[in-house]
Every structure is written in structure tokens, then in C-alpha cells.
Amino acid sequence: MRRAFFQTLTKLADEDPRIVLLTADLGYLALECFAERHPARFFNVGVSEQNMVGVATGLAEAGYLPFTYSIVPFSVLRPYEFIRNGPVHHRLPVRVVGVGGGVEYGTNGISHYGIEDVAAMRALDGIAVVAPADHLQAVAALEKMWDWPGPVYIRLGKDDKTSIPGLDGKFEAGRLQQIGHGRDLLLVTMGSVAPEAVRAAELLAEEGIACTVAVVASVVPAPEAELGALLRETRLVMTVEEHVPSGGLGSLVAEFIAESGIPCRLMRRAIGSVSDGLSGSQGYLRDRHGLSAARLRDAAREAINRRAPSPPIS
Amino acid sequence: MTSPLNRQIRQVILDQSKRAGVGHIGSALSIADIVAALYSGVLRVGEKSEQARDRFILSKGHASLAVYAALHLTGWLTAAELQTYCGDGTLLGVHPERELRGVDFCSGSLGQGLPIGAGCALAARMMGSAHRTFVLMSDAECNEGSVWEAALFAAHHQLSSLVAIVDANGQQALGRSREVLSMEPFAAKWTAFGWNVHEVDGNNEGALRELFGALDTASGAPHLVYAKTTFGKGVSYMENQVKWHYWPMNDAEYQQAVEEQKDRP
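Here the protein sequences come in this chain order: A and B. Numbering (our numbering) for the first sequence: 1 to 314. Numbering (our numbering) for the second sequence: 1 to 265.
Hints in this document: simulated from the structure, not taken from any laboratory. One should not assume that every hint holds.
Stretch-level coverage of chain A by chain B, calculated; a stretch enters the list once three of its residues show a Cβ under 8 angstroms from a Cβ in chain B [what the hints assert, rightly or not]: (1) 37-48; (2) 78-92; (3) 155-166.
Here are some chain B residues the structure puts well away from chain A; computed CB gaps all over 10 angstroms [as the list claims (entries may be wrong)]: (4) A187; (5) N204; (6) Y254.
Don't be surprised by glycine CBs; every beta carbon is placed ideally from N, CA and C.
Modelling step: build the complete structure from the supplied sequences, incorporating the hints.
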């Protein structure tokens, strides 16, 4: 995702001299295309994320469109208060880019996991939150959001190969992307774990369970209208995210169901406790936390078999 | 030379603090001479649409009343606006808001002004503009690690248009700075970080103005103006007293403070 993202940003910067890229000393084999083509607008600020956000705030006030880059926790959590008081409070167009949303930095351990970032950013008033599901959608999201009037947080993965069938690189702010249509189960997902949800829907289809997959890359602004329509036609929804259960996509859907009075059961599949310190590959961690396609299928099957049959669809 | 602005700034600080019944008086008085120097011919204040204006960041935002006073006395804030200081629904809170004319950045969280200022100075260089960025910090604010991140960055990029002013009153929220967390040797630290360090009497407005006017903001390293001040300067019972970081004045204290201004040069 990130290589495609920065190749696209490099092209956008050919056209718009306001685009500046700042990194806190990360991005090997990802940022070189920009750095070589636009050396006067590329700054490695060193390992100093708070300063990076401050500098971006000053640049944005002067009319630039600065992108800040690091791994998710260093991009978001370390300078969080600088983001809050800087671009968010001043409504300045800083683009905070985090790579490794979820547990993509698997064996690096918890310091490198990006599992609280969406909750943290959703808590701020006025920053768009974008979590593309594959590299094609990351490019589309950048092409739609690069000149968004306010601040934006973009949560990227590293995978530049996987593309989700049916997603076709579509992105629109405030919209979701629907893959398939089945009323037994609605799977709502975001970010680089989305292929697991799509695969789970395929596995469930083999068992005669029909699913709709909703990919929510535009977390803020949330796709409320489309989400509401999909929730109203199902009895069971499962959210799938590489993020803690609090404050992320599962919370967003829970809040929406509760406030809209929609009669549907919600299962939140998310990253549980990581405090035991066990790390491993992303695949291992997904399986451990119930986010692999097979474990999503099993959980969905069990939930569907336990409840009464759906009423006839009108 | 002390400008006519100087005495008026102190008067506004006393009047508005008394009217609103709020503290932070000592902090505002501490920077009154620095602010008077900046707003009497140094800073090129402008509307936000004027990209070539100088930027000023009051990073020690809790002293904002001194800046509100200067903005009012130089025509950027109306008397009616000033009268809302610390009232309900005001933009003139304890810490400045960018919605105000003449205020470039909100502040209040210590250690954020210098990184932002570094970004302003970098932007000036990128756009080929000669405008300058002044960041007014407290000495205790330099406890924050982010100040030193920005110090490294600004020196590395030789951001000569960046002028950091440290209001060195030696006092912080819970005591004397040297007892809370020693920063000494303070000036030597900044020199070691690659800054041009200028020591000055921070309560001598004329000396400050002369120094600001002489800074080379077109080439070389960024500037650190090490302005040694007296906390609560100009009100005898407030000088160097921690309680005036917090306390409001009663009627007698206000009267005495106002009387003392009449005796100042």
C-alpha cells in the first residue's frame, strides 16, 4: 500500500508545489521516489515525531500541504497532543500518514502495533480518518483526499500486492464499498485485514451462508447512510478490524446501531489483549485474535446456528 | 528607551486581571517589557491573509494578557473585545486563540511553540520570504523535550529567521527553576545546540528593541534571545513570588500595584 501511495503522492507533487513530505527517519524503500524527485520538499526531520507535527503545523499555516510519515504508533500516539492542538485545533491541512495499521509489524512487538490509532483519531473533532483496505484503494483515497480542506489521518499497510476482488480501487469520502450481497450476515471491515473478511464471506458462501461485505475506508466522515441501509436488512453484523475493540470500527457500528434503534446483533472481532507480550507474524496474530478468515467463518457459523431463522425478506 | 506602550501594557494587565478576578499576573508582567519591545516597531503584524507578515507565537500562552494588551493598544483588538477577557463565551481566555485578529497560533501546552515556529521559518525559506518568526517561551518550558527536538531541527536547517525568546525569570509553577529541574548552564546548552545566543536584560525594553533590530535573520543559525527577567516585574509584592503565578488581586493589592506604576520611569 505504501509504495503505491508514495508513488501517487510523488505524481501529485509534480502538479502541486504545496505538497511537502516529512518523515521521522522511517520509510526505507518507500519514500525514495518522492525524495529523489522533490528534494526541496522532502525533509527527514530525524527521530522526532513531536517536532515533525509542529513543523507541519507551521508549514500548513503558510499554505503548504505537509504529509508526515512514520509507523502508526509513532505517527499518531507519540505526537498525539501536537496533532490535537496543532492541525486539528487550527483546522490546518496536515496529512498524518501512519504505516502498519494493526499488527503488521508482528514480530516487532507491541511497541510497533497500530491498534489504538483509529480510536484516538476518532476522538478528535475535525480530522478525517481514512483506512484503505488494499493498495488500489490507498491510491484512490489519496487521489480523493490529498487536497481535503482540513487535517486527514491516513492509516496504511505495507502490502503492495494484495488487491481485493470487487473493491476495484474505489474510494469516496463518506461512502463505503460493498462487496457481494447476502442477508445472513453483514461483515463490516476496514484496513489491511479486509481480505480476511472477504475470504470469510467466500468460505461462508460455500456453506450456504450469504454475506455482504462492507469495506469502510472512510471512517471519518462515516458512511452513515449506506451503513444504516445495510444494517436494516440484516439481523447479524460482524465488525472485523485490526484494532482494539474500543473506539474503532466496531465501536462506530455499535454507536450507530444503538442510536438508530436498529434491531440487529453486533459481534465485534478485534485485537484483544496483547499484554502477555507474545508476538509473531501478522498471520499468527490474526489467527490468535480470531481475525483469520477461518476463525471469522467459524465464529459467524456458530452465531448464525445459535439464533432463530431470519424473518422472510420483504 | 521605554515606549509609551510599556506602561499602558502593565496598566491593562492590572486592570483586566482585577476586573476578571484571575491570576497569571506575575507571568504577564514578566514578559511585559519583551512584548512592549516587539509591538513598538519590531513585529510586522498583519492580517492572516498576508503571508509575508511576521509570525509571533506566545508559547507560554498563560501570559497572554500581556499580548492582548499590546494587540489592543496597537489597534488589533477593540476595547469591547478586551473587556471580555476570561468571561463566558470569550475568545480572550487565559491562552490565546487563533480566531483573534493578530494572533497567529493558539497555545497553552508548553513545548509546542518552537516546533511550530520552526515550521513557520522553514516555510518562509521555501517561499523565499524575508518574514521572521518570533517564539516567546518560558525558561521552565525548556524542560519539555520537544523544545530540544525543534532546537536541533532549526539549527540543522540554519533557520536564521527564527527568533526564540526565553523569558528567563527563574521561576516555575511550583518553585524556583533551579530547584525544580536545573537547566544550567542554560545559555551554553543553546550554544552547544548550534544557536546564536544573545543575553539581554529582559526588563530593559530599549535594549531588547535594539537587539531585535540587530539580529541577522537572513543568514546563519537561528537566534536564542536569553532575556533575563523578574517574575512579576513592576509590582513590588509580586516580584519573584510564586503565589502570583496563581492568585488574583484584592482591592488593596490592586490599588498598590496601580500606584507603583506611577513611580516607574
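Status of the hints after comparison with the structure:
no., hint, verdict
1, 37-48, "holds (count 6)"
2, 78-92, "holds (count 6)"
3, 155-166, "violated (count 0)"
4, A187, "22 angstroms, holds"
5, N204, "30 angstroms, holds"
6, Y254, "33 angstroms, holds"
Comparing the model with each earlier hint shows a violation of hint 3 alone; every other hint is respected.
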